[in-house]
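Participant: Sequence:
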Amino acid sequence: MFSTFFTAWGYEVSYLEFVASLVSFIGVALGITAKRITWPWWALSSILYGIFFLQYKLYASAALQLVFIAAAVAGWYGWEPT
0 MFSTFFTAWG YEVSYLEFVA SLVSFIGVAL GITAKRITWP WWALSSILYG IFFLQYKLYA
60 SAALQLVFIA AAVAGWYGWE PT
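In numbering that gives the first Met the number 0, the protein residues as written are 0 to 81.
Check before you lean on any hint, since a few could be wrong.
Okay, derived cross-link-like pairs now, SDA-like style, lysine to any residue, Cα gap no bigger than 20 Å in a straight line [to be verified]:
| id | residue 1 | residue 2 |
| --- | --- | --- |
| 1 | LYS56 | VAL66 |
| 2 | LYS34 | GLY49 |
| 3 | LYS34 | THR3 |
| 4 | LYS34 | GLY9 |
| 5 | LYS56 | TYR14 |
No wet-lab data here; the hints were simulated from the structure.
Work out the full structure: start from the sequences and follow the hints.
Facilitator: Right, dumping it as structure tokens:
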């Protein structure tokens, strides 16, 4: 359906899905450090996954990403600067 970046164990991974996963892993790595900078990465990964889910007409999953984006914005403003 969409451009395939690679196939793993019979599953076609799109470029968008790969980038979203990579951004999520960066968010996890930054989250381990307990730094405020992790929140924009989480918001970006949620935006990318939201687009991905919309492409496959997974509307509930795409809507859930809006909740995650709101949580990332709240986290950014609520986190004490470190």
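Participant: It remains to establish, for every hint, whether it holds in the given structure.
Facilitator: Status of each hint after checking the structure:
Our distance criterion of 20 Å between C-alpha atoms is met by LYS56 and VAL66, whose separation comes to about 18 Å. Of the pairs offered as hints, the one joining LYS34 and GLY49 is violated, with about 24 Å between alpha carbons and a cut-off of 20 Å exceeded. A threshold of 20 Å between alpha carbons decides the hint, and for LYS34 with THR3 the separation of about 34 Å lies outside it, so the pair is violated. Only pairs whose Cα atoms come within 20 Å are accepted, and LYS34 paired with GLY9 is rejected, the gap being roughly 37 Å.
Between LYS56 and TYR14 the CA atoms are separated by roughly 17 Å; this keeps the pair inside 20 Å, and the hint holds.
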